[in-house]
Amino acid sequence: MTATTTAPVAAPSAQAPRTPSPRLRAWATRAPLLPALVFMIVVTQLPFVATVVISFFDWNALYPKARRFTGFDNYHQVLTDADLRHSVWTTVLLTATVVLVSLVLGLALALLLDRRFRGRGVVRTLLIAPFLVVPVAAALLWKHVLYNPEYGLLNGLLHYVGGPQPDWISDTPLLAVEASLVWQWTPFMMLILLAGLQSRDQQQIEAARVDGASDWQIFRHLTLPHLRRYLELGALLGSVYIVQNFDAVFTITSGGLGTANLPYTVYQSFYQAHENGLASAAGVLVVIGSIVIATFALRVVSSLFREEVSRP
Amino acid sequence: MNAVRRGGLGLLAWVSGIVFFLPVAWMALTSFHSEQDAATNPPSFTAPLTLDGYREFFGTGGGASPWPALVNSAVASVASTLFVLLLALPAAYALSIRPVRKWTDVLFFFLSTKMLPVVAGLLPIYLFAKNAGMLDNIWLLVILYTSMNLPIAVWMMQSFLAEVPVAIIEAARVDGARLPTILARVVAPVALPGIAATALICFIFSWNELLFARVLTGVVAETAPVFLTGFITSQGLFLAKVCAASLVVSLPVLAAGFAAQDKLVQGLSLGAVK
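Quick note, the sequences are listed as chains U and R, same order. First residue of the first sequence: 1, per the UniProt record's numbering; consecutive thereafter. First residue of the second sequence: 1, per the UniProt record's numbering; consecutive thereafter.
Any given hint might turn out to be false.
[As the list claims (entries may be wrong)] Here are the computed lysine to any residue pairs in the SDA-like style, where the Cα-Cα straight-line distance is at most 20 Å:
hint, chain 1, residue 1, chain 2, residue 2
1, R, K102, U, N60
2, R, K130, U, N60
3, R, K263, R, I195
4, R, K130, U, Q272
5, R, K102, U, L24
6, R, K130, U, R67
To be clear, the hints were calculated from the coordinates, so they are not data collected in a lab.
Take the sequences, apply the hints, and build the full model.
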């Protein structure tokens, strides 16, 4: 840091005699960045490399002596084992459903909240609440307080209208997990899309209205194209978080009844079954899945970002 | 006609808001009911209020006290947030005010680490902690939470610091101000609200985290979310207590989130949405 204080930003030629060498200056500029970079590489990249290495070993933590190199056996097992393959499918289904449903609901709510009405600030605050409940607490709330077949709020309300009283978690386990996640993530989507709506060019919309465009035409041809990037951003950030979801699956069903997703399976195979090699292979597969999403995500964020940099 | 429609849409917004808030409100109401009143079907909206659920939760009615877990969560969240700021501020400075070459690439490297799922490195970290005797140690969580939030913090602060007009910095420099003065007098006033928002978001994410804490802590370093997992199998026997516990643990996040709604959006979308 001390070095940066002496290095001028852009050395004017008049100062040439006192200017440090370009190499020194380059390092002085980089120096503040290095602690963060080194820290990130050590704490996130090294463990991942270790995971990749472990994934090629047959290694049960209870029998450490029997550890041996098995090549792609673990991957073969993850992809052919019916249970594990099911958890891959569950992860895809869970992520896609939650992201799409919360995005559509979030869009509807953002459109409602974009208009002026009495108590808009209060409604906005009410809507954000689900996102601010600690995820484990939210999962507990759904599991015990809402879904409980005997005294849960859902069946309690159904009692008043004389409807059926299902055992939500046993009857529709994956749907139960998805509903709780949709409830938590819809506010997030709403917040991003609302920010998108409020950054629209109002003059353009006024002009279109003067030209006789209907609400639907304005939505279809002005609002939706403008929102595209925000929809993509919400979908991708949501995917990155939900593909990793552990709290809801762990709390509501403990991975039972066919709701185990990959993060839960990884947790279970090394924390309970002590299968280090298998867990690592599953972990690497989660990463490959995430990379597919992430490359797309980075492209979208990068386009948003470039737009901002080029802004005058 | 138009007014009727407008009023209808406002009403629809209100109904949606109430529907989404209902579980939270119901959790709060149940937490103030006695266990008998909490476990009735149909639900009782008018049962007398009591603090029994909270008394049970805080351990005066038997059971483990949540205080150590709450303190651990506070330590892990606050300490990791401070570390994040310490590492992210210089990095964001190098990426925005005096950009290094290829700075966008560096920025994207930070973001890409956020896309790496937690489970991708969990096992080696567990094995390392076990061999180093660092299992059930709160400082291990502090290090991991720092790495979890650092990318977000660098991104957010980069975008906040970039809002400081370069012309003002140049003018201060011409007037003979040195870096510490420039940082304190020019950069800080513009960037401070953003830095506060960044700290808030790091705090929330650390406070909420479960997987690392569940795997790497036990009795001593247990955090509040891990404490909550103790209620997973209590089949509705302690409904009021579960609600009181969930609400108490969520309270810091609810308070912080309500207080900084707009900054929350900006932070969660990594500064891409203004």
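These are the hints, each one checked on the structure:
In summary, the hint linking K102(R) to N60(U) is not supported, as the alpha carbons are separated by about 44 Å, beyond the 20 Å threshold. A hinted pair counts as satisfied when its Cα atoms are at most 20 Å apart, and K130(R) with N60(U) qualifies at roughly 16 Å. Among the hinted pairs, K263(R) with I195(R) is consistent with the structure: their alpha-carbon atoms are about 10 Å apart, no more than 20 Å. Proximity of K130(R) to Q272(U) is assessed by CA-CA distance (about 16 Å); at most 20 Å being required, the pair is judged to hold.
Our distance criterion of 20 Å between C-alpha atoms is met by K102(R) and L24(U), whose separation comes to about 17 Å. Proposed proximity of K130(R) and R67(U) is supported: the alpha carbons are some 18 Å apart, at most 20 Å.
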